[in-house]
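Chemist: Spelled out, the chains give:
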Amino acid sequence: MALLRLGPGPAPGRRRSVSGVSGVSGVSGLVGRYSAWAVGAVAVAAMVFPMVVSDYWIDVAVFWGIYVLLGLSLNIIVGEVGLFDMGHMAFFAIGSYTTAILSGRFGISLWLLLPLSGIVAGLAGYVLARPIIHLRGDYLLIVTIGLNEMIRISLLNNPWGLTGGPNGIIMLDQFRIFGLVIQKPMHFYYLVWACVAASMFALVRLQRSRIGRAWNCIREDEVAAEAMGIDVRSAKLLAFTLGAGLAGATGTIFAAKLVVISPESFTFMESVILFCIVVLGGMGSIPGVVLGSAAMLVLPEILRNFAQYRMLFFGAAMALMMIFRPQGLWPSKRWTTKLQEGESE
Amino acid sequence: MFIEQLVNGLTVGAVYALVALGYTMVYGVMRLINFAHGDLFMLGSYLGFTLLVSTFVGSALPLWAALIVTVVVSAMGIAVLGVLVERAAYRPLRRSNRLTAVVSAMGVSIFLQNAAMLIWGPRYRAYPPWAVPDLRWEIGAVHIGFMQVLILVVSILLMAGLYLFVQCTTVGAAIRATAIDHDTARLMGIDVDQIIRLIFIIGPGLGAVAGVLLGLYYRQIHFTVGWSYGLKAFTAAILGGIGNIPGAMVGGLLLGILEMLGAGYISAAWKDVFVFLILILLLIFRPTGLLGERVAEKV
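The listed protein sequences derive, respectively, from chains A and B. The numbers in numbering that gives the first Met the number 0 rise by one with no breaks, and the one at position 314 of the first sequence is 313. The numbers in numbering that gives the first Met the number 0 rise by one with no breaks, and the one at position 273 of the second sequence is 272.
The following block holds chain B by itself, in its conformation from the complex:
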């Protein structure tokens, strides 16, 4: 059972990690908790659903092409939405008190959630069953489904790509510089607005991919998943050290594993209490998260 729970945990954890990246990148660059990020993830899931059941993508294309088109188009659509949200609700507040930006983010979150409810209805929506090939593998005593492999492969590829992009390219260096200090970055010739826009393309894009993968995995989606998964993903970002990209990946996977082990060995009803307890203990003894660096106190 241990290995099986580990695989389940890694699958859920990979979804958390993809969503957590959006939180951590926005926080790293803007020091803002983007409460609307979970709802962007949820909208990605709904957009994917609409594309899959539409006649154009769903029935005209072969399955593999339909899946790729769904993931790519949802990611692009949500990235556009992310940029719009930043422009409308966060940019005017960049210089003001941080709490006002938090409240603005909450407003956006309520807006997006209700927009989704009005467009797709208040009931659960189900991804079409034919979208996932019914493949299973047995390794020893462990069963692994097609979706678990797909989620792990896609998310690891995306995370590795993002890591290389941020660490090894000039644009990546500009992102890191902006995260350290906006004004100095601007003096170095970096267009900070452009970098922030880029962050709001990458984060929501990854979130939308996670949303489609989650929809395919659990089949059912609801307009409130943005809150529940958003909270978990945010916890994952804190667990790994917020503002730290590898931290979000490690935090997400770790959170997924802890949750599934907690569900398997303690009890399913108490697993979230277990997860938050570990988070609080970690923050008491290591307030910067697992991989976070200690930031000097400003006097």
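Excised from the complex, chain A in its bound form:
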């Protein structure tokens, strides 16, 4: 397989990969290669961006940020551990509905609900994943699709009058900071991208920790991982719980942004889009998630001039992308190093 990013000569990080502990990846890889100046420039551009564009594009950027958070949460499960989860919207739905119900009934502050929804969704992820975590590949895929559909239909059927059926629930409360109510697109923009930055920082740290390395080891070879003394089952469950929890916490922001939460936001199609974000960006690559969600969400908006033909182009582009750049838009370095070694043997 031809690798576009690694030219002749020893690739960076290769020496370390021989010892089995691969090179750095993700944002820190970016810092290493292009210096902190690039990161600074991106950060400044991100700060200035909402001041120079219309509210419409700020809104696009807000939803982009929400999908980056969701993509990061699914990347833990699909990208880092290699578990096929195609029903991730279920946990996002649990988080959103937890927020909407608790905020509406008990008036709990959204700042408190942010971690609370994460915990509820994480618990749900743990409980739902526990019996199915031993399933492999495609079987896990279909079970997670089934979970997604079960939860969506349950929400639609309005059990005990909690979820409001197909019309959903209206959120009355909003995030407040020192008397400032976060309502305008610009406020949401800063809130969402601050969360993205915090999550990215935490996830890069996690990726390079003992847990992250164990996850990658399971992804590459489960049997070898077990032989190395990794508790595969708990490591997988941990990834599922964390991924579900992050998706659930994102649900709080989503509920505050959308105001009306209804089951149609959490369809199987949305789960598939999330899955595509992770694979398109590059499995296990944190900057890849940002690019992947830009491709899946922002690109259709830019193509809006083509009106009804845009989704047609978009579908074709997805297939073409996989044919000509199967490693993703911004592949994780750990991933490419492994491929290159396989080739040189």
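Hints are computed from structural coordinates only; laboratory data are not their basis. Treat each hint with caution, since some may be false.
Unchecked claim - Cβ-to-Cβ under 10 Å is the rule here; a few derived chain B residues that face chain A:
id: 1; residue: Leu92
id: 2; residue: Trp226
id: 3; residue: Tyr264
id: 4; residue: Ala268
id: 5; residue: Asp271
Stated by the list, open to error - Pair by pair, the computed Cβ-Cβ distance ranges are:
id: 6; chain 1: B; residue 1: Gln219; chain 2: A; residue 2: Gly136; range: 35 to 43 Å
id: 7; chain 1: A; residue 1: Leu319; chain 2: B; residue 2: Val52; range: 30 to 38 Å
id: 8; chain 1: B; residue 1: Ala59; chain 2: A; residue 2: Leu319; range: 39 to 47 Å
id: 9; chain 1: A; residue 1: Ala197; chain 2: B; residue 2: Arg285; range: 39 to 47 Å
id: 10; chain 1: B; residue 1: Thr223; chain 2: A; residue 2: Leu319; range: 36 to 44 Å
id: 11; chain 1: B; residue 1: Gln193; chain 2: A; residue 2: Arg204; range: 46 to 54 Å
id: 12; chain 1: B; residue 1: Arg285; chain 2: A; residue 2: Met46; range: 53 to 61 Å
As the list claims (entries may be wrong) - Here are some, though not all, of the chain B residues that point toward chain A, as calculated from beta-carbon distances under 10 Å:
id: 13; residue: Phe34
id: 14; residue: Ser58
id: 15; residue: Leu98
id: 16; residue: Thr99
id: 17; residue: Leu276
id: 18; residue: Gly288
Even for Gly, the Cβ is constructed at its ideal location relative to N, Cα and C.
Dock chain B against the given chain A, drawing on the hints supplied.
Modeler: Frame of chain A, contents of chain B only:
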């Protein structure tokens, strides 16, 4: 009511089974979940609709001939499309990571769905009412309509034919050999590309037949039916044991019956939850499906 729900379930189940065959055959040979298969089925339904309302087929021919021409031509058209999809979107990815092929399949699915929306419009289309003779039979207390009999007869004939083809002919043996191991099959002189092309003729062809039958049965079609029925048919394939041809048939019929019994005895709104619950329980206790064989773990 029990027998009546059973008959309804068998009818829907037969449609699921025909679509599930396409999923299971592609999976068996290529280890790929062909997400575009549901959309090929949907396009078959639309193609059948266009043929039936066209002046050439619809009004010039007697009804029985018109129906046969519709089914055969739609199946052929969709089979050609299936081969094109395989050539364009799956063959270049045959040696790469399996997830990339899944994403490519999703892209094809989005493409086909939007193509259908652009060609036939975003609204529901209705099959002409005259296409189905208004015949009903009463056996005891059970009512059986003409379409139910037609769907059951056609699908059972097709499934039996496919089973015999795969089990008893040389080409069928080649398909089974390819499903076990591509490289060894190639060493035995089997043209693997040819076999995969054949799979993409049979699967979408059967899917198109199911699409036309469904259109005739429910009358209304929409460009999103590919997703909803595709998901159910895929579930049926897993239920029976994916990669296993009789498994897809059993799984489809069983899924249809479970769904209708769930709708009749539990509640129509919760029937899909019931179906997926059974699927998950089955996979927890028997991960290979009802008829699937345990595949040895590769170390």
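Chemist: Against the earlier hints, flag every one the structure doesn't satisfy and list their numbers going up.
Modeler: 3, 10, 14
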